[in-house]
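2 protein chains.
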Amino acid sequence: MGGDHKEGVQEVEWRIKVEEDNETLKRALVGCMWAVTAGVVLKLCKFVKKAWELGVNDPRKFIHCLKVGVALSSVSLFYYLKPLYDGVGGNAMWAIMTVVVVFEYTAGATICKTVNRICGTSLAGFLAIGVHWVASRAGDQLEPVIVGVSLFLLASAATFSRFIPTIKARFDYGALIFILTFSLVSVSGYRVDELLVMAQYRMSTILIGSSLCIIVSMILCPVWAGQELYVLVTGNLDKLANSLQGCVTQYFDCTEAPEAENEEETRKQLLGYKCVLSSKATEESMANLARWEPAHGRFNFRHPWSQYVKIGASMRSCASCIDALIGCINSDNETSDDMKRNMSSISMKVGTNSARVIRELATTIRNMKKSSKVDILVTEMNSAAQELRNFLNSYPNMLSPSSQNNAKDTQTEAASSSDDDDDVAAKREIPLIEIIQVVTVASLLIETVTRVEGIVEAVEELSDLAKFQPPLCVKSKQHTTDNKFSPIQQKDDEAMRTLQIV
Amino acid sequence: MGGDHKEGVQEVEWRIKVEEDNETLKRALVGCMWAVTAGVVLKLCKFVKKAWELGVNDPRKFIHCLKVGVALSSVSLFYYLKPLYDGVGGNAMWAIMTVVVVFEYTAGATICKTVNRICGTSLAGFLAIGVHWVASRAGDQLEPVIVGVSLFLLASAATFSRFIPTIKARFDYGALIFILTFSLVSVSGYRVDELLVMAQYRMSTILIGSSLCIIVSMILCPVWAGQELYVLVTGNLDKLANSLQGCVTQYFDCTEAPEAENEEETRKQLLGYKCVLSSKATEESMANLARWEPAHGRFNFRHPWSQYVKIGASMRSCASCIDALIGCINSDNETSDDMKRNMSSISMKVGTNSARVIRELATTIRNMKKSSKVDILVTEMNSAAQELRNFLNSYPNMLSPSSQNNAKDTQTEAASSSDDDDDVAAKREIPLIEIIQVVTVASLLIETVTRVEGIVEAVEELSDLAKFQPPLCVKSKQHTTDNKFSPIQQKDDEAMRTLQIV
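Chains as they are written, first to last, in the numbering used here: chain A, 397 to 898; chain B, 397 to 898.
Some hints could be false.
No distinction is drawn between identical chains; accordingly, a pair holds when it is met within one copy or between any pair of copies.
Claimed, not checked - Straight-line alpha carbon distances no greater than 27 angstroms define the calculated DSSO-like cross-link-like pairs of lysine-lysine that follow:
| hint | residue 1 | residue 2 |
| --- | --- | --- |
| 1 | K422 | K863 |
| 2 | K664 | K564 |
| 3 | K413 | K564 |
| 4 | K664 | K706 |
| 5 | K564 | K446 |
| 6 | K706 | K670 |
| 7 | K446 | K706 |
Treat the hints as calculated values from the structure; they're not laboratory data.
Please construct the entire structure, taking both the sequences and the accompanying hints into account.
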């Protein structure tokens, strides 16, 4: 009895415990679910916020979405309005499909796809009807064989053509549509009776969809691939100039420590060259699409878009030099402060002058006017590079205390004079390791100058091909006669300098 | 009469002349046409020959074309065989369309598109049927409005989602298909009566087409995006190693002029780094596609493909350093032959050791086994770089004739000792300009070594993530205990050296 009572108590305790456990489990489960839900909601919120920012940063993306909505809504009228629906023989589906598949972000891409779709469809349609006609005359037994073999051969050939670079770049979509249409028409000819009528209706609906796309994409806030390419290239030129000047300043200009708030900005500017290095694919695809665009803004129909790709390539060559330069600057070599101080002004000059040339090139492209200044700036850049070379040339003779202060003034004589041998004996020995970094930086700067000349050549070629306006006559005369800056140029330069100091 | 006669003669002469002119014109025209035809035919021949070579160089391209032909021919059976045609309710068109649109070169791309197509279609189908159900209950007046507004909103939202990078990388095609299906189903619901039946048939045909594509693409000589990425990355590592070693050899090794036939080969090897610089886009797209692939060959399902992109990035960083290096080598600075000769062996060592590390990394990835040698090789590379640094450090003390020959042996003492002042007085002054190139090359070599370490880190991360097999225990024990080469390693190294000499 006592044992029973005890057992009963144990049982109750156990039940209470189990219930308590259940309660805890439930609470834990509910808590867990809440946590998971909250986590998912939080993640979703972050995602939506990020996506929203993407649109706010470039409102044209929002506009593009509205444009797709408008195009689709208008093309769906072919379903809603009975006369239109009957007018295309119930084939309105193809118009909708065309709009969905063909409508792209840039006008160039839309036009490219439209032209590809129309050409691919018509070519394949004619061929398929021809094959169908031949096959239908060959008897019931042979018909599927002829159609099947021709389908196999043509589809394989068209697929292979998509591997050929020139076709891939321009007619990839057309080849796909060719295969699609040929298969659909030739094979369905086996089941459908009025093949010609069907083909006609489909062609007309595709034409309707295509024209709607082109109209909407070109009239409602058009995004031109050419314009995008142009903005990308000029922006990259500026980024390159900022990076170059930034890294030279960072290395040589130790006078002022950057403020904390500016530091982030400076760092961002310094790494701008990475954008240049990574924009090859974008540039190439934009240049391919821009070819399809009609004249727009300041660009005529046969604007030499491929030249922008060349400019991009020369920029990348320059950027990889800057990459090596920044790598050297960040390496932990000890440097002789003496030499760095001595070289500082002259190297800064090379950096600033190169950056100025690059910025002038950006301005040339932006204004689409040949620059009257660029020749002078290139000469200045080259003479600064030559000064740097001369400086390096004369360096061992310049370490004596007497000549250290007026180093810059005497460097040209110093290079040739060798009669101050007593100076040589007095000067301090600098181990090579202390100057290796500064020498490398100087050498890479000189190499950068060479590569900047490559950009100059590419931009000049563009200005010839695209027939940029020549600079004003007065300026060019001044330039040739006395080689002085015009007042406007001086003002520009002052503004530039202020900008660089800021 | 005499006048008449004269006129008659003139007329005849004129006629003869005109006929002669006509004859000449005709001949010129015919000749011109022949020339144009011949030109076109010649161009076409060249084009076909080029295309053919494209296929011969990579026969998998031919196989892919045949695969497309096979897939299309088999899916067209749904038209030819009556029971199959009726079985899908006459919707066989959608199976053909799916095959044409979804079949891609790599299995990864095919799977990605298939999954996207199926998910996009089902999601959009359900939503559209829901909207149609709601709209059909709202009365004839409101139906098109509800359908139109929902179409506008959903199409815009789906279009916007295609701008979001994560969705763009993986579900771009799915979003497109979502818009397509939603428009077709919701709008055609207004005209078609048995919407559910139609949706069911279409879904089943899409499933048939998709499974056919996946089967053909994965069973007949599959081309795996993962495998392609893997081959690309290992190949690029080899190219990088060849470029690095090639440019160091070209600069320092003046003993043997390259033979004419080898010259082209050498030049090609030297420029291999350009492939590395330009393969960013390919690597990224391959890595994106490889994620969709099932386990194949030596890769399991969750193989860390994104790590290959990181390896690619570190390779590009190294390649841009090599680009700057080659730029410096090709610049027309005069160089002191003395210093170049002195530095030659040590710089070649740095170059060779770095190249050896890169090659070993390629081997590691190829064998998918952690390398027992890579640590030793990295240590050797770093110690060579340190030797180069020490050499530069001690350089001013090494120009006296007595120490020039045993430069390498005494450099470590020379760096610290400063009691041989009499040597200093005896040595020749070298202007900085003469050593700037060689110093820059040395400095860039040291920078390259740092960047090679970046590649080593990335590859090690890969070997951890992908759980590469550890090296054999015996070797690793040897390595930790006495740090000597195993006989196999020695043999490998000898083979390597022979290879490098050749």
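Taking the earlier hints as the rules, which of them does this structure contradict? 1, 3
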